[in-house]
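A.B. asks: Chain residues, written in single-letter form:
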Amino acid sequence: MARRASWQEYQKDIAADNYYYARSCIRQNFFPGSERAFLDILRNDLKINIFDDPLHSSCTGIGYHSDVVPLETIMTIVARQFSLMAEAGYENFVSSCITSFGIYNEILATWEEFPETEERTRRFLKEATGRELVKPRSIAHTSDVMFLHREAIARRAKHCLIDVATGEPLRVVEHIGCHYAKIFPKSGIGGSEFPYVLAGMIESWGGEVVDYPERRHCCGFGFRNYLVQANRGSSVANSHKKLESMSPYKPDFIVANCPGCAMFLDKWQYAIAEMDGTTYGVGGHGIPVLTYEEMAGLVLGYDPWELGMQFHQVDVEPLLNKLGVEYDPDAKFLGRDGKRIGRPKSVAVNCSEQRQIYQIKDNLVRW
Amino acid sequence: MLTEDIRFVEGLKACMNCGVCTAVCPAAEFYNYDPRQIVATVQMRDDEEIERLLRGDEIWYCGECMSCRPRCPRGNTPGYVIQSLRTLSQRLGLFVESEKGRQQLALKRLIGDNILATGYCLTPRNIRPELHPEQGAVWEWIFDNHEDVYGRFSQSYLREGAGALRRMDSGSMEELHRIFEVSGGKEFFATIERHSERKAREMGYDGATEEYMMQTYTYNSENHY
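Protein chains in written order, with this note's numbering: chain A, 1 to 367; chain B, 1001 to 1225.
Warning: the hint list may mix true and false statements.
[To be verified] Here are the simulated distance ranges between beta carbons: (1) B:E1202 with A:S346: 41 to 49 angstroms; (2) A:V164 with B:E1222: 44 to 52 angstroms; (3) A:A157 with B:F1143: 29 to 37 angstroms; (4) B:C1018 with A:E112: 25 to 33 angstroms; (5) B:G1204 with A:G130: 42 to 50 angstroms; (6) B:E1211 with A:A16: 53 to 61 angstroms; (7) B:E1222 with A:G277: 20 to 28 angstroms.
[Unchecked claim] Here chain B is said to cover these stretches of chain A; the calculated rule only asks that three of the stretch's residues, wherever they fall, bring their Cβ under 8 angstroms from a Cβ of chain B: (8) 73 to 83; (9) 175 to 183.
[Stated by the list, open to error] Below 16 angstroms or equal to it, Euclidean Cα-Cα: the simulated EDC-like pairs (lysine to aspartate or glutamate) are: (10) A:K250 with A:E214; (11) A:K250 with A:D303; (12) A:K339 with B:E1147; (13) A:K332 with A:D303; (14) A:K135 with A:E119; (15) A:K322 with A:E168; (16) B:K1013 with A:E317; (17) B:K1186 with A:E72; (18) A:K158 with A:E326; (19) A:K250 with A:E168; (20) A:K322 with A:D163; (21) A:K322 with A:E208; (22) A:K241 with B:E1029; (23) A:K345 with B:E1211; (24) A:K135 with A:E112; (25) A:K126 with A:E87; (26) A:K339 with B:E1181; (27) A:K345 with B:D1144; (28) A:K126 with B:E1174; (29) B:K1199 with B:E1210; (30) A:K250 with A:E119; (31) A:K241 with A:D211; (32) A:K126 with B:E1181; (33) A:K339 with B:D1148; (34) A:K186 with A:E9; (35) B:K1199 with B:E1211; (36) A:K332 with A:E317; (37) A:K332 with B:D1148; (38) B:K1186 with B:D1113; (39) A:K126 with A:E72; (40) A:K345 with A:E326.
Honestly, the hints are just simulated from the structure, not real lab data.
These figures come from a predicted structure and were not determined experimentally.
For every residue, glycine included, the Cβ atom is placed at its ideal position computed from N, Cα and C.
Let the sequences and hints guide you as you build the complete structure.
C.D. replies: Laid out in structure tokens, this is it:
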């Protein structure tokens, strides 16, 4: 009981309205439907104001954590993002990316602790852009915002996280991106040991959170440990460790709040299946991996293909069937304006009977 | 020089060598890597040993997940110490002396140059399926049909205006370039290129060519475990 309540020691103020939205490099590549759903849910379902600024850039965080972008440079880039927010008339900064979220918190803390770095950044920003640094009143991750509004979403639910065939709650593994709260535990709901940001959504929407031994282990991204092909063995080994650990608990799906984690836990299931034939889901398929916007969108009755769930390598249809979500199988792989553009080849973690072994096996063994 | 990096100042107070950082470290699970030992070495302030680290593979194993940070009972952050060592290794040109260090050229070109070209760290066109077989069949389909697939989710794909994967406007790109110029980002990129050029020639390549860069990106001696 004491452990369950421990997340409440780590609370933070999350602004309720009027957000400035900063997009994510990884998410707009792999989950463009989730970023769109976040804006749609806030604006259309919850009637909340959020500004999608066409002027901000990448925070350059992947470059920083690959050690090619210097600290002084990323600080100035971040200062520009904050200035754009203020110039647009906002003070509540919301980051779609966990890497960025960690960087925004780290830089604000560094400016506080080492004021000379803030002064230097102000100078660089002025010289490079003519802009003035204005710090935000609040910083939140998009999953914080979704957590804050979870009960409002629950009141509008078309589907709960319940198996319609059995009436039992779906069993959900939640995975929190390392940079959400490991850098600054106070910046995350529930801190770094018992983060509650996703668990709170799952519970509010009727699901059951799975506790398992490697729940807090990194997905394995590790920046250069994935970005450089020769290092990818490290990345897949860590995802493998997590999947092996959660598998005995038979989760119905995984939900992650980090762009990289959601992508890697999906894609590495494919790679592992191709390498040694191991699959972690029921019936020889994979475990679907969702973003929290996809989870919220399904709860609110959004079409799964409009949420972008066709971007996943592991098929989500078994989960949709459990939830009782209606969908058009033929619409899954349509392009813009309903254009037919073919479909991906079916592979080991998919539900189709057709199966193709890629040359990935040879490549991965070499890593 | 290390003590001039605020991440070093913030990341290392007094380490008591308990080893919790190594116990939780995902990189230590896989590599012959021990952040406890690295922190102990740096804490001794032995310049010869620190130079050995700057020339070696070991400092490049960390994934910067920062799992070490909340668990350290003394409030240290071995991940920050690693970041400061990596920066110094590149400034001094010692990164090219190790297999894992030489990969910085690939990271500079794949991520760094893409930031200056597009305003983003990653864009769909530089996640090429032949370099990313693990991305699978769905990614190949997205890659081959990118305009139709992304067009379903973003009105501004490869165009200016709000939305996913919008093209950055020229004014923002100019500001980004000036920020890299005045804050030392471009100079740092040039440092990586310069030392890679030198090392590539030493290794028998005709400079830091695409062939050399791909060698750093793909080669694994398997001496790291």
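A.B. asks: Tell me if the straight-line CA distance from A:K250 to A:E168 falls inside 16 angstroms.
C.D. replies: At roughly 14 angstroms apart (the allowed maximum being 16 angstroms), A:E168 and A:K250 satisfy the hint.
A.B. asks: Has the given pair, B:K1186 with A:E72, been kept, meaning a C-alpha gap of at most 16 angstroms?
C.D. replies: holds, 12 angstroms
A.B. asks: Please verify whether A:K241 and B:E1029 have alpha carbons no more than 16 angstroms apart.
C.D. replies: holds, 10 angstroms
A.B. asks: Measure nothing beyond the straight line between the CA atoms of A:K345 and B:D1144; if it is 16 angstroms or shorter, mark the hint as holding.
C.D. replies: holds, 13 angstroms
A.B. asks: Holds or violated: A:K322 with A:D163, Cα cutoff 16 angstroms?
C.D. replies: holds, 5 angstroms
A.B. asks: Next pair to validate is A:K135 with A:E119; report whether the Cα-Cα distance is within 16 angstroms.
C.D. replies: It holds: about 13 angstroms lies between the C-alpha atoms, which stays within 16 angstroms.
A.B. asks: Between A:K332 and B:D1148, does the CA-CA distance stay at or below 16 angstroms?
C.D. replies: Cα-Cα ~13 angstroms, so holds.
A.B. asks: Counting residues of the stretch 175 to 183 of chain A that have a beta-carbon nearer than 8 angstroms to any beta-carbon of chain B, does the count reach 3?
C.D. replies: holds (count 5)
A.B. asks: Determine whether the Cβ-Cβ distance between A:V164 and B:E1222 falls within the hinted range of 44 to 52 angstroms.
C.D. replies: holds, 50 angstroms
A.B. asks: Can you confirm whether the C-alpha distance between A:K339 and B:E1147 stays at or below 16 angstroms?
C.D. replies: Distance ~11 angstroms between A:K339 and B:E1147 Cα, so the pair holds.
A.B. asks: Given the hint that A:K126 pairs with A:E72, test it: the Cα-Cα distance must not exceed 16 angstroms.
C.D. replies: Roughly 14 angstroms between the alpha carbons, so the hint for A:K126 and A:E72 holds.
A.B. asks: Holds or violated: B:K1199 with B:E1210, Cα cutoff 16 angstroms?
C.D. replies: Since the Cα atoms of B:K1199 and B:E1210 sit roughly 14 angstroms apart, the hinted pair holds (cutoff 16 angstroms).
When the structure is compared with the earlier hints, violations turn up for hints 11, 16, 23, 26, 30, 40 and for no others.
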